[in-house]
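Asker: Sequence:
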Amino acid sequence: MRTRPFRLRIGRRRTHQQPEEATVAQGQQVRARRVYEDPERGDGTRVLVDRIWPRGLSKEKAALDEWCKAVAPSTALRRWYGHDPEKFAEFGRRYRAELRDAEHTEALRHLRELAGKRTLTLLTSTRECEISAAAVLTDILGD
1 MRTRPFRLRI GRRRTHQQPE EATVAQGQQV RARRVYEDPE RGDGTRVLVD
51 RIWPRGLSKE KAALDEWCKA VAPSTALRRW YGHDPEKFAE FGRRYRAELR
101 DAEHTEALRH LRELAGKRTL TLLTSTRECE ISAAAVLTDI LGD
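Quick note: the sequence shown uses UniProt numbering, first residue 1, plus one each step.
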């Protein structure tokens, strides 16, 4: 079964899920998908945004254009969060704070550059894309 990507706005309560797509300059899109899903024609540039390589996935099967580890949340933040939906809003705030440091800023600038050229698909191994670091990045890049 193919799942559609979702978008969750940080800091707002939603009673339903929304598509995980953000509009960038001139109609380009940024979206989050699971790296385990088959590539789609409309994916554009496919970038893995996890710090750790997805378990059991070959590089050929992943069909990546890039692996941007530098934009991933710190190990400490990732472990604290543990993909607990109750902690997602706080995770988003902490992750945004991390993204302000020099290493993350440069990686984020690079992703903005990619998003300005064509559709950008942020890939994650997380089971629930809508509460992942990729969802936070999608929100940031869409602003």
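Everything labelled a hint here was simulated from the structure, so no lab data went into it.
Heads up, a few of these hints could be off.
[To be verified] In silico DSS-like pairs for lysine-lysine, Cα to Cα no more than 30 Å straight-line:
#1 K61 with K117
#2 K59 with K69
#3 K117 with K59
#4 K69 with K117
#5 K87 with K69
[What the hints assert, rightly or not] Each pair of labels, with its calculated beta carbon distance range:
#6 A97 with P39: 29 to 35 Å
#7 R41 with R93: 31 to 37 Å
#8 D38 with K87: 27 to 33 Å
#9 D101 with P39: 15 to 21 Å
#10 G42 with R93: 29 to 35 Å
#11 E103 with R41: 31 to 37 Å
Glycine included, each C-beta is placed from N, C-alpha and C at the ideal position.
Asker: Hint by hint, note whether the structure agrees.
Answerer: Here is how each hint holds up against the structure:
A hinted pair counts as satisfied when its Cα atoms are at most 30 Å apart, and K61 with K117 qualifies at roughly 24 Å. Between K59 and K69, the direct Cα distance comes to roughly 15 Å. Compliance with the 30 Å bound is thereby established for this hinted pair. Among the hinted pairs, K117 with K59 is consistent with the structure: their alpha-carbon atoms are about 24 Å apart, no more than 30 Å. Of the pairs offered as hints, the one joining K69 and K117 holds, with about 21 Å between alpha carbons and a cut-off of 30 Å not exceeded.
With a CA separation close to 23 Å, the supplied pair K87 and K69 stays within the 30 Å bound. Look at A97 against P39: about 33 Å separates their beta carbons, and that is inside 29 to 35 Å. Range check, R41 to R93: Cβ separation about 35 Å, and the 31 to 37 Å hint holds. As the Cβ distance of D38 to K87 is approximately 30 Å, the hint placing it in 27 to 33 Å holds.
At about 32 Å, the CB distance of D101 to P39 disagrees with the hint of 15 to 21 Å. For G42 and R93, the hinted distance range of 29 to 35 Å is satisfied, since their beta carbons lie about 31 Å from each other. Evaluation of the 31 to 37 Å hint for E103 and R41 yields a pass: the beta carbon distance comes to about 33 Å.
Checked against the numbered hints given earlier, the structure breaks only hint 9 and satisfies all the rest.
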